[in-house]
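J.: Respectively, the protein sequence lines represent chains A and B.
Just so you know, we're using the working numbering here: the first sequence kicks off at 915 and counts up by one.
Just so you know, we're using the working numbering here: the second sequence kicks off at 432 and counts up by one.
Don't read these hints as lab results, they were simulated from the structure.
We put the beta carbon where it would ideally sit given N, CA and C, even for glycine.
Watch out, some of these pointers could steer you wrong.
[Stated by the list, open to error] Derived DSSO-like pairs (lysine-lysine); straight-line CA-CA distance at most 27 Å:
(1) A:K1014 to B:K525
(2) A:K1014 to B:K437
(3) A:K1101 to B:K690
(4) B:K437 to A:K1181
[What the hints assert, rightly or not] Far from chain B, some chain A residues (derived; all Cβ distances over 12 Å):
(5) G974
(6) L1007
(7) K1014
(8) I1063
(9) A1164
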Amino acid sequence: MRARFYRFDQATSPYLYILPFFVLFGIFGLYPLGYTAWVSLHDWSLLSDEHPFVGLKNYGELLADPYFWNALRNTISIMLLSTVPQLIFAILLANMLNRKIRLQTLFRLGMLLPNVTSVVAVAVIFSQLFGRDFGLINWILETLGLGRIDWQAGTASSHIAIAVMIIWRWTGYNTLIFLAAMQAVPKDLYEAATLDGATPMQQLRRITLPMIRPTLIFTVIISTIYGMQIFAEPQVFAGSNAGALSGGNARQFQTLTLYLVENGFSKGFEFGYASAVAWVMFLIIIVFALINFVLVRRVRSAS
Amino acid sequence: MKSLGKVGHLILLGVLLLSIFPIYFSFVVASQDNSALGKVPPPVLPGANILDNIQRVFDTVPFGQALINSLLVSAAVSVSVVLFSTLAGFAFAKLRFRGRTAALVLVVATMTVPPQLGIIPLYLLMIKFEWTDSLVAVIFPALVNAFGVFFMTQFLREALPTELLEAGRVDGCGNHRLFWHVVLPAARPAAAVLGMLTFLGTWNDFIWPLLVLQSPEQQTAQVALSTLRSGYVQDYSLALTGTLLATVPLLVVFGLLGKQLIGGIMHGAVKG
């Protein structure tokens, strides 16, 4: 009897343990994603009870909408402006932290502090710093004789301001990830290179970067995915109730997620249309991930 | 390994100041009289108005309620994620069963799916459940996540000696007793890190609570914070006092447990 119970326990308990994850994830994670595809094929407004099937009409309208292309351009621009400097800073900082340094713990804690601060808090603080009339950054620029910039009004200037918020929040986190990977690189490689007379910069390029390539790829892909979904920074930066979802008066910093929420949750609650936006975003993210993957394989087979 | 020179230390010190400055600055503005902010140059030292500003925040929005809401949601989600991740991690790391590899691959694959792409059907689901405008709508979709399962699996695979489980089985323990008496205690360091990461992440969540919670009494701290910022009249000292209020709990947690957090992030990074 006891032995039988034991066998039953051994056979069923693993499934019992993974069940909560798969059930909850199925309901709240997987099902919504699939259902989004279904909704996107309908004329599905929250304000009406009828949801007629319309096929790919929403996708057609989407691709013909200049606001969609504007949002896509803005998203890619902000993503590049934030990801590229962020990763370069993170690699250089990690390379410095990977040496013998004083106050090691203090520096690491300081690096992570911005990441602990919430996106909304960061966006509120930086909106004030980038303020046109009373912002600290404009005051510094003016003192240096460079003149004021209306950060929110311009396309390039607003993208830079938003990118700065993202860079500030994520550089330290990525630095720690790179640092962890760098610490796993065998130390004797550097010793041999130093004996051969390689400069620190050469060692970074020839030893460190190739050795941490898997981490590098992982970080690029994760930052790209995060970059495609930017929402809180521009939403809070816009400030006023009216412009919050349109990303500024001229939509100069409306991202894809803002565009999605604007269509789904304010303009007539067009859930069908907004679902089409979600799926197009999903496809773009997959394309970006594939491009990263292919590029990396090219580099690997070339070397 | 060479040590870092003076210039290097100076650069790091500069970066450290840049990391701290925006938070310090929010304290400066939060402690100023609103009229002091229109002056040129802008203030860079704290003023004396912090208590007045805190009072004004609580008068403008139910911020105390918002903080309690955030605390409730974050605590519930953290406990649930840690518990379910440890359960699943135990099964994946130490138990043999049919379909294990396939299930684990599925968990890892789901880590790449951006959750916010499902917000529209999730919203429809909440309407069906009649959960809109209640904290349940924020808690339930966050009860499990793939990262937690993956993180725990990796940790338990190394940190939980298989001999210890064998010994327990010889003594007649079933898997359930093993879980409570052997696995959970062994998982404690990773559980602390996972719990903290989940707490911070949930506390800082924005888009979903913003969409699903409408009435001021149901809002989380981040949503309340964004309403302070989005008035037509820009009241910066009000907005930044709210920012500070919503951030202080995190700074406290970070001050107490920051070292473990860094260890956890770096540990997870090497594995991933």
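J.: Give a verdict on every hint.
T.: Now for the hints, and whether the structure bears them out:
{"no.": "1", "hint": "A:K1014 to B:K525", "in the structure": "violated (39 Å)"}
{"no.": "2", "hint": "A:K1014 to B:K437", "in the structure": "holds (12 Å)"}
{"no.": "3", "hint": "A:K1101 to B:K690", "in the structure": "holds (25 Å)"}
{"no.": "4", "hint": "B:K437 to A:K1181", "in the structure": "violated (57 Å)"}
{"no.": "5", "hint": "G974", "in the structure": "holds (19 Å)"}
{"no.": "6", "hint": "L1007", "in the structure": "violated (6 Å)"}
{"no.": "7", "hint": "K1014", "in the structure": "violated (4 Å)"}
{"no.": "8", "hint": "I1063", "in the structure": "holds (16 Å)"}
{"no.": "9", "hint": "A1164", "in the structure": "holds (19 Å)"}
Comparing the model with each numbered hint stated earlier shows that hints 1, 4, 6, 7 do not hold.
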